[in-house]
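Engineer: Listed below are the residues making up each chain.
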Amino acid sequence: MTARKEAMMNSVKQELALANAQELMNKASERCFTKCVTKPGESLSSSEQTCLSRCLDRYMDAFNIVSKTYVARVSRERLEGQQAGLQDVL
Amino acid sequence: MADKFDEASQRELTEFLERQQAQARMSSQIQNFTVSCWDKCVTGTPSTRFSRSEENCLANCVDRFLDTSLFMVKQLEEKRIQSGR
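Residue numbers (the working numbering), protein chains in the order written: chain L, 7 to 96; chain G, 22 to 106.
With the rest of the complex left out, here is chain L:
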């Protein structure tokens, strides 16, 4: 019983983590394609590939900065326990 329950919980966590990672990659691809591949040719040039690689790193950095800021702000709002607080809009 416990093993089945834990397996189910792990399965749910994994699915959510996978969905999150996929969303991140889809958005990074979209944004970086727009930035780096301005005139699509017969193949990806090496400068396009370099741009894409850097862009991916920057997108991950952006995600991390946004995550940290968001989590810190939500924690702060919860601590301050404002009435018309973020709880109402989140």
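Mixed in with the good hints, there may be bad ones.
Unchecked claim - Computed list of lysine-lysine pairs in DSS-like fashion (alpha-carbon distance at most 25 Å, straight line):
hint	chain 1	residue 1	chain 2	residue 2
1	G	Lys25	L	Lys11
2	G	Lys61	L	Lys19
3	G	Lys61	L	Lys41
Just so you know, the hints here were simulated from the structure itself, not pulled from any lab data. Note that this is a predicted model, so its numbers are computed, not measured.
Position chain G against the provided structure of chain L, taking the given hints into account.
Structural biologist: Then chain G, alone, in the frame of chain L:
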């Protein structure tokens, strides 16, 4: 082997799923903010690291978006009170 979970397990799973859903909502928000704030703040060609101003812009973007949501809620509330008079 029983097919269903016992009551205690069911409750535990329900609470677990609620927590996971709350976390999923937060993850979704973070994804949305990342896209919006990237568009606002990362305007040039990507380089090997962010400039200080790009980093600040991204952090500010999140806080200002949340301030905006709070502000909008307050505005709506004030309009509601005003129209009630």
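Engineer: It remains to establish, for every hint, whether it holds in the given structure.
Structural biologist: Verification of the hints:
1. The suggested pairing of Lys25(G) with Lys11(L) holds, with an alpha-carbon distance near 11 Å, which does not exceed 25 Å.
2. For a cut-off of 25 Å, the pair hint linking Lys61(G) to Lys19(L) is broken: about 32 Å separates their Cα positions.
3. Taken as a hint, the Lys61(G) and Lys41(L) pair is honoured in the structure, with Cα atoms around 13 Å apart against an allowance of 25 Å.
Consistency note: the structure conflicts with earlier hint 2 alone.
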